[in-house]
Every structure is written in C-alpha cells, then in structure tokens.
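Novice: Protein chains in written order, with our numbering: chain A, 1 to 250; chain B, 1 to 315.
Fair warning: there could be bad hints in the mix.
[To be verified] Chain B side only, calculated, beta carbon under 7 Å to chain A, not exhaustive: (1) Ser14; (2) Met89; (3) His95; (4) Asn130; (5) Leu131; (6) Ala175; (7) Leu314.
[To be verified] Simulated pairs of lysine-lysine, DSSO-like, Cα-Cα distance not exceeding 30 Å: (8) B/Lys280 to B/Lys56; (9) B/Lys239 to A/Lys170; (10) A/Lys167 to B/Lys56; (11) A/Lys167 to A/Lys23; (12) B/Lys239 to A/Lys67; (13) A/Lys2 to A/Lys16.
[What the hints assert, rightly or not] To be clear about the criterion: a stretch of chain B counts as covered by chain A if any three or more of its residues have a C-beta under 8 Å from a C-beta of chain A, and this derived list gives those stretches: (14) 163-173; (15) 233-245.
Source of the hints: derived by calculation from the structure; they are not laboratory data.
Cβ atoms here follow ideal geometry from the backbone N, Cα and C, with glycine treated the same way.
Here's the letter readout for the chains.
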Amino acid sequence: MKLGFLVDLNLCMGCKGCEIACKVENEVPLASWRLKVKYVDIGVFPDTSRSFTPMRCNHCEDAPCEKICPVSALHYLPNGIVNIDSSRCIGCAGCIMACPYDAIYMNPETNTADKCTYCAHRVEGGMMPACVVACPVEANIFGDIDNKDSHISRYIMEHQGGVQVRKPEKHTNPKHYYVGGGNQTLNPLAHQRIEGYSLFTNITHLDTVGDPNHSMLDRFLTPIFGHDHLDNTGFAGMESNKKDSNKGEH
Amino acid sequence: MVESTVAATHAVVSFDVALNGIVWGWMITLNMWAKSIGTGVIMVGAYMLYKYSKDKIPNVRWLMPIISFVALNVFLLFTLLDLHQPLRMVNIFFHPHFTSAITVGAWMASLFTGLVTLLAAIGLLDYMPNLLRSNKTAKKVRANSGLYEKLLPYIVFLALPVTMYTAIIMAQSSARGLWEAPIEMAQMMLAAIMAGSATLLIVAESWGKEPRARIAMILAVTVAISFTLYMGEYFFSFKNSEVEATLAFIHLGGSYSFEFWFAMIVGYIIPFALVTTSVKEDNYTLLRFAGILALIGLYFAKDVWLKIPQLLPLS
Ligand code: SF4
Ligand code: SF4
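Chain A extracted, bound-state conformation (with noise of 0.2 Å):
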C-alpha cells in the first residue's frame, strides 16, 4: 500500500475549506500550517486569472527530511506516510532546512517539527484526511496509489500527461500530484512574492520558528532580563514582521 494525494487544480475554487479543516483537526497553532492554498494571479488586465494551489507534505518516496532527521523522529509509516513523532524531536531544524516545499513548521508551542501526515491517525481508523472530507468540490482526492482500481490510481490514468509534481529536479519522488498546474502555480520562483499588504493580507515570512525565546540561553537569561509577553501574535514574531513587512529584504 502506498498512499499519495492528487489535487485537481480545476476544480479548486480557493475556498481554503481544507486549510481550516487541517487546523481544527490537528489543532495547528496560530502562524504554522500543515496545508496552504495559495493564491497566484496570473496575467496582465485584463487578461487574468486566479489560480488556487493547495500545498502540503508530498510524501516523498525518498524524503530528504527524513534522512537528515538525527534522531527518526520523522520516519515513514507502512503505508507510505511519512510520519513524525514530536516526542522524540530536538527541534534541530535539519528537517526544514532539506524538505525542497517549505512543508515543515516548528511548532511554538511544542518547540518541535510538525508536518501534515496525511491525518495518519484518521486513516488508521479508516476515514479521510481532514481536508479531503471538507473540500466541497472533491478536489481532493486520496487513496493508494499502488491499487491500480482505486479512485486516485484512476484520476492519474485518465490524465495522463497533465498530472505533475512540485520540483521533480529535487530527486524526492513525491507522492502528491496536481492535475491542471502550470509552471506559474507549482513553481514558487515562476512567480513574484512581493512582501507586504496585498489584497487579502501580509504577505511576509516568520523572523524565528517556533518559540523565539526556546533556547537554554534565555531559559538562563529570562529570570534576569525577562522577555517579551508571549500571546498568540507575539510568538511567532508577527508582531515584529508588522514593523517590518515593507523593507522587502526577504
């Protein structure tokens, strides 16, 4: 059994249902994501358009983060998931650091690496991931890919030739396909990332992951100097990235 993921692009229509089911089911602190759909506008006025593309784990088959996790605290299921067991993290970052899709947080509230894992703990009681359930469309659509009946072994057969993945350069073998991506939506350097207030929101990067004040120096500093008020705006440094956001360094 292999387990992959396949996102028609088609019929995304951006409503970021799947984003918030994510973040309820594995309650997802507040500036981390397991799952984005990003939003790219393409064209110029008046020919344009909008597309959705909604990022996750890919589940490489060969999985950089995997291999330079010191201590397997990410490590692949049976069924192709690869998974992640927080407990075990020392939080060193090696694994944000190799996956190519930016698909690894560091929890500020746990101080250690998480990840979308395919909701493992759902499909091992037999139901859908979180997001495949509330996607209104069925944009999502999972199963395993080793089953050449199941409904995702299908879809890749009916579109052959249009399914893609992110980065295939990168040697990963992912396990998560989209069907009616372009260069401009899968490819974060075909498009432009201006920092800033766009139309919807900020458009910005996080200035530290996880808990700013995790390290053993402010566990000895912090009694003396004390820090900064932790909420849920100030620990992941939004606050800051406010001031900031119009530099446009990153």
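With the hints as your guide, set chain B with the ligands onto chain A.
Specialist: This is chain B with the ligands only, laid out in the frame that chain A set:
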C-alpha cells in the same frame, strides 16, 4: 533568468501564509566558524609539529589542543543552544539515525572533543610542571605524556571528517541548492585550514622566522584558493534557477552584497596582500593582523553563505 521567467508569466502571489525565514541563523554561523578553528588548528598544528622541532615552535604542543578545546566547546555549546529542545540532545546518542550527517557528525565531534581534551590536559601539564603537582590524576596524565604523540595522528585523521560533516549536512539540506556537496566540502576544508593557520599565526610571536613564514604562506594559499572558488560561484556559476536566484542576494544590489564583499575583502583579499608583502621581511605585526582579519572575514563569509539560501521562498 528568474526575472525573465516572471516577466513572461506575469504571475504574482496575492494570498499566502507567512513562510519560514532564516531558520539557521548566527548561532549556526558561530558553530561552523568555531569548528573550523577547532579542527583547523589541529590539522595545521600537527603539520607544524611534524615539520619543525619544538624549539622553533615552542608553544604549539600545548597551545594547539587548548585553542582547539575552547573552540570545540564554543561549537558544541552553540549547537546545543540552537536546538529548540536542547535537553533532548541525548536522543542523538540513544535513538541515533545514521543516515543523518547530523548524527554521524555529533558522534564524531564528541569523540574528537574527548581526544582533544586529553591532548590539552597532557600538553598543559607538561608545559606547566608545577600545575596540580600533587594531584593524583595530574600525576597519572604526566606519567603517560607519551600518549600525546601516539594519539595525534589518529586525531588528525578524525579531524578530516569532523571538519567536513557540516558540508554533508548542508548537502543533505537538499532544499538549498547553493550548498552542493563537492564544492561545500572543499570550502569547509579550506575554511578549517584557513582558520587553523590564521589562529596559529596570531600566537606565533615566539616562533622562528621560517615556521612563521610557512604558516603565513599556508594562510595565503588557502585564502587564495577559497576566494577563487567564491569568485567562481559569484561570476561563473550558471546553475539552476534556484541557485541563480540565491546568488542574486550577493550580487550588486542584493541585500547581502555588502556583507559578502566585506567578508571577501577583509577575510581574503587583505590577508593575502598582507602576507605576500610582509612575509619576506618577517613583519610580524602585519602577519598577525592578517591572521585576525582572516578570522573575521571567515565568520562573515560563512554567515552569508548560510543565510542566503534561506531567503528564497520554497513553496
Ligand atoms: S514534502 Fe518535505 S516534509 Fe514532506 S516528505 Fe517530502 S521532504 Fe519530507
Ligand atoms: S527538527 Fe526534529 S524532526 Fe526535524 S530533523 Fe530535527 S529532530 Fe528531526
């Protein structure tokens, strides 16, 4: 390249989550810099001990392992401090995953630090015969001081993989195209020899003229090769679009251009010029200055190279 692609597609992100910024920051820079010194002084110092008699380089036998010991401890400390769960570091030893260069490196670096500690103890106690004179352990160490020369070749041998494993970690960080294995390994080795020779040059006041000139020339040749590789990357690397987009951060107008050129000028060009112009007349003030500058420049070169690939959006 990237620019033309973007212009051709006229595509722009209009809604996205905040992406990870710089994940490995100054602590990892310091970690790499200190490790370069820690392994470099052993490699270069051992070569000097092999080449010259003790009277020509009187302080190397004891100072070399002490400097290495201090640098390695800085390296280990900041490795630990950078972890988000520092107390779980023990998992590397109890739940090791040996496909990871982080694991293999941690094991080797711990063994290396242990052996260097032993060298430092023997070197220091031999150098200061009155230190801890009546202490039992010190007596034992003094009685076995011949171990120093016996262990040194193995420690030098171990210094090579300890130097280079960071380059393998960087290569395993396959999201960052800039850090490709062969060139990063070469740069890591050059950085260690550069840091080792620069550090020893700073403490070479009591040395004879010839060994001082030799270590200065090791520094000059190393910075020249390393600088050439950096320039090769800067001007002639026509790699994939990801690497090109990364290098744009150090090209003129890029946000890390100043820091990059500061590192190149301070750490590479000036030390090379200082050594080659003052080595003949053995102007030690200038040679020592070259050593100091090389160490400063190396820090910033490592810092830039570490950070720029982390500035690219990956998704
Ligand atoms: S997408 Fe990233 S996190 Fe997921 S398996 Fe591949 S390398 Fe690992
Ligand atoms: S941060 Fe955790 S999961 Fe990621 S590589 Fe380090 S130990 Fe493994």
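Novice: Hints first: check each against the structure and report whether it holds.
Specialist: Results of checking the hints against the structure:
For B/Ser14, the interface hint holds, the least distance from its beta-carbon to any beta-carbon of chain A being 5 Å, beneath 7 Å. With a least beta-carbon distance of about 6 Å to chain A, the hint placing B/Met89 at the interface is held under the 7 Å criterion. The interface hint given for B/His95 is met, as the beta carbon of that residue sits about 5 Å from the closest beta carbon of chain A, less than 7 Å. The interface hint given for B/Asn130 is violated, since its Cβ lies 35 Å from the closest Cβ of chain A, which is over the 7 Å cut-off.
For B/Leu131, the interface hint is violated, the least distance from its beta-carbon to any beta-carbon of chain A being 31 Å, above 7 Å. Hint status for B/Ala175: holds, given a least beta-carbon distance of 4 Å to chain A, under 7 Å. At its closest, the beta carbon of B/Leu314 sits 4 Å from a beta carbon of chain A; the interface hint therefore holds under the 7 Å criterion. For the hint linking B/Lys280 to B/Lys56, the alpha-carbon distance of about 18 Å falls within 30 Å, and the restraint holds.
Between the alpha carbons of B/Lys239 and A/Lys170 the distance comes to roughly 14 Å, so the proposed pair stays at or under 30 Å and holds. Between A/Lys167 and B/Lys56, the direct Cα distance comes to roughly 57 Å. Violation of the 30 Å bound is thereby established for this hinted pair. Distance restraint check for A/Lys167 and A/Lys23: the Cα-Cα separation of roughly 26 Å lies within the 30 Å cut-off, and the hinted pair is therefore satisfied. With a C-alpha separation of about 25 Å, the suggested pairing of B/Lys239 with A/Lys67 holds against the 30 Å cut-off.
For a cut-off of 30 Å, the pair hint linking A/Lys2 to A/Lys16 stands: about 26 Å separates their Cα positions. Counting residues of the stretch 163-173 of chain B whose C-beta lies closer than 8 Å to any C-beta of chain A gives 3; at least three are required, and the coverage claim holds. Figure legend: the stretch 233-245 of chain B, annotated as covered by chain A; annotation consistent (4 residues with Cβ-Cβ distances under 8 Å, at least 3 required).
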